[in-house]
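Residue numbers (this note's numbering): 1 to 256.
Calculated directly from the structure, the hints in this document are not laboratory data. All of these numbers come straight from a predicted model, not from anything done at the bench. Heads up, the beta-carbon is just placed ideally off N, CA and C, and yes, glycines get one too. Misleading hints may appear alongside valid ones.
[Claimed, not checked] Distance windows between CB atoms, simulated:
#, residue 1, residue 2, range
1, K82, V130, 25 to 35 Å
2, A146, G199, 19 to 29 Å
3, V178, G52, 34 to 44 Å
[Said to hold, decoys possible] Keeping only pairs whose Cα atoms sit at most 20 Å apart, straight-line, the calculated DMTMM-like set for lysine to aspartate or glutamate is:
#, residue 1, residue 2
4, K79, E181
5, K82, E106
6, K214, D198
7, K82, D206
8, K78, D206
9, K82, E181
10, K214, D58
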Amino acid sequence: MGLFRRNASKLGADEARGSAPEEAAAPTAGSEDGGAPERPERGPFDSSQVTGMGPRVDLGAIWLPVLPGLELRMEVDKKTQKVTGVSATLGGSGLQVQAFAAPRTEGIWDEVRAEIGTSITRQGGTVDDVPGVFGRELIARIPATAPDGKAAVRPARFIGVDGPRWFLRGVLSGRAAVDAEAAKPLESVFANVVVVRDGNPRPPRDLLTLTLPKSARQGDAPADQAGATAAGPEGAAPQTPSFDPLSRGPEITEIR
1 MGLFRRNASK
11 LGADEARGSA
21 PEEAAAPTAG
31 SEDGGAPERP
41 ERGPFDSSQV
51 TGMGPRVDLG
61 AIWLPVLPGL
71 ELRMEVDKKT
81 QKVTGVSATL
91 GGSGLQVQAF
101 AAPRTEGIWD
111 EVRAEIGTSI
121 TRQGGTVDDV
131 PGVFGRELIA
141 RIPATAPDGK
151 AAVRPARFIG
161 VDGPRWFLRG
171 VLSGRAAVDA
181 EAAKPLESVF
191 ANVVVVRDGN
201 PRPPRDLLTL
211 TLPKSARQGD
221 APADQAGATA
231 AGPEGAAPQT
241 PSFDPLSRGP
251 EITEIR
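The whole structure should be built from the sequences, with the hints applied where relevant.
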């Protein structure tokens with residue numbers, strides 16, 4: 001999409017408490033030297049801010065919280081076969097999560113948000129940049145095609161948090177994109193994500209490495225062990241927006 005250009009300043013991350021809060025608050029600022037912020041009250045969190053994995057599933061760069069009934073799907077690049085993101089669906093709502101490298105002293109969400117807005121507008125959609133649970137977010141209405149071939153609009157909420165040398169981006173879809181109450185469980189999942197940033201130097205916006213859960217690699221059903229169910233929510237799983245400025249052409253693959 002040609003959206004990998006500059007970086008903007010903003011730093012935030014939060015601390016895990018072992019169980020997901022009902023609501024998440026805006027993250028607090030971290031240290032100016034790019035190190036881990038002081039222990040804030042809520043997340044997403046850096047791995048340096050937690051004492052253990054807690055009720056989460058290990059996906060490499062992301063430790064993802066799980067809830068009863070939550071269905072997890074890994075996104076795999078067709079060309080490289082690398083895991084590029086994870087999607088969680090619950091009760092007709094979806095949350096896509098990806099983690100990226102960021103500069104030591106500044107974040108990237110401000111510019112990424114502007115670039116997403118520009119891209120959606122060029123497609124004929126509309127975007128509102130508004131304050132939200134995690135700070136500034138985008139409420140988007142993206143042009144789509146209905147099953148009957150007619151023009152339609154797909155709603156989506158883009159949320160993001162800048163952490164110490166990482167950026168975590170989420171996309172809420174389905175009911176969670178338009179209904180505040182429906183969004184709360186998945187907002188809680190996002191708020192309790194732990195990002196595990198390796199010590200390797202990476203260019204800004206480089207996708208942090210994700211892996212399948214260990215039990216999935218061994219051929220077991222990780223959802224049962226993680227607390228999520230293998231069966232999906234009632235009805236079809238909501239789709240994330242077809243355009244994705246920070247994605248690398250993933251396909252959705254269900255973990256069983």
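Evaluated hints:
no. : hint                      : in the structure
1   : K82 <-> V130: 25 to 35 Å  : holds (33 Å)
2   : A146 <-> G199: 19 to 29 Å : violated (47 Å)
3   : V178 <-> G52: 34 to 44 Å  : holds (36 Å)
4   : K79 <-> E181              : violated (38 Å)
5   : K82 <-> E106              : violated (27 Å)
6   : K214 <-> D198             : holds (19 Å)
7   : K82 <-> D206              : holds (13 Å)
8   : K78 <-> D206              : holds (18 Å)
9   : K82 <-> E181              : violated (34 Å)
10  : K214 <-> D58              : holds (8 Å)
Of the numbered hints given earlier, the model fails hints 2, 4, 5, 9; all others are met.
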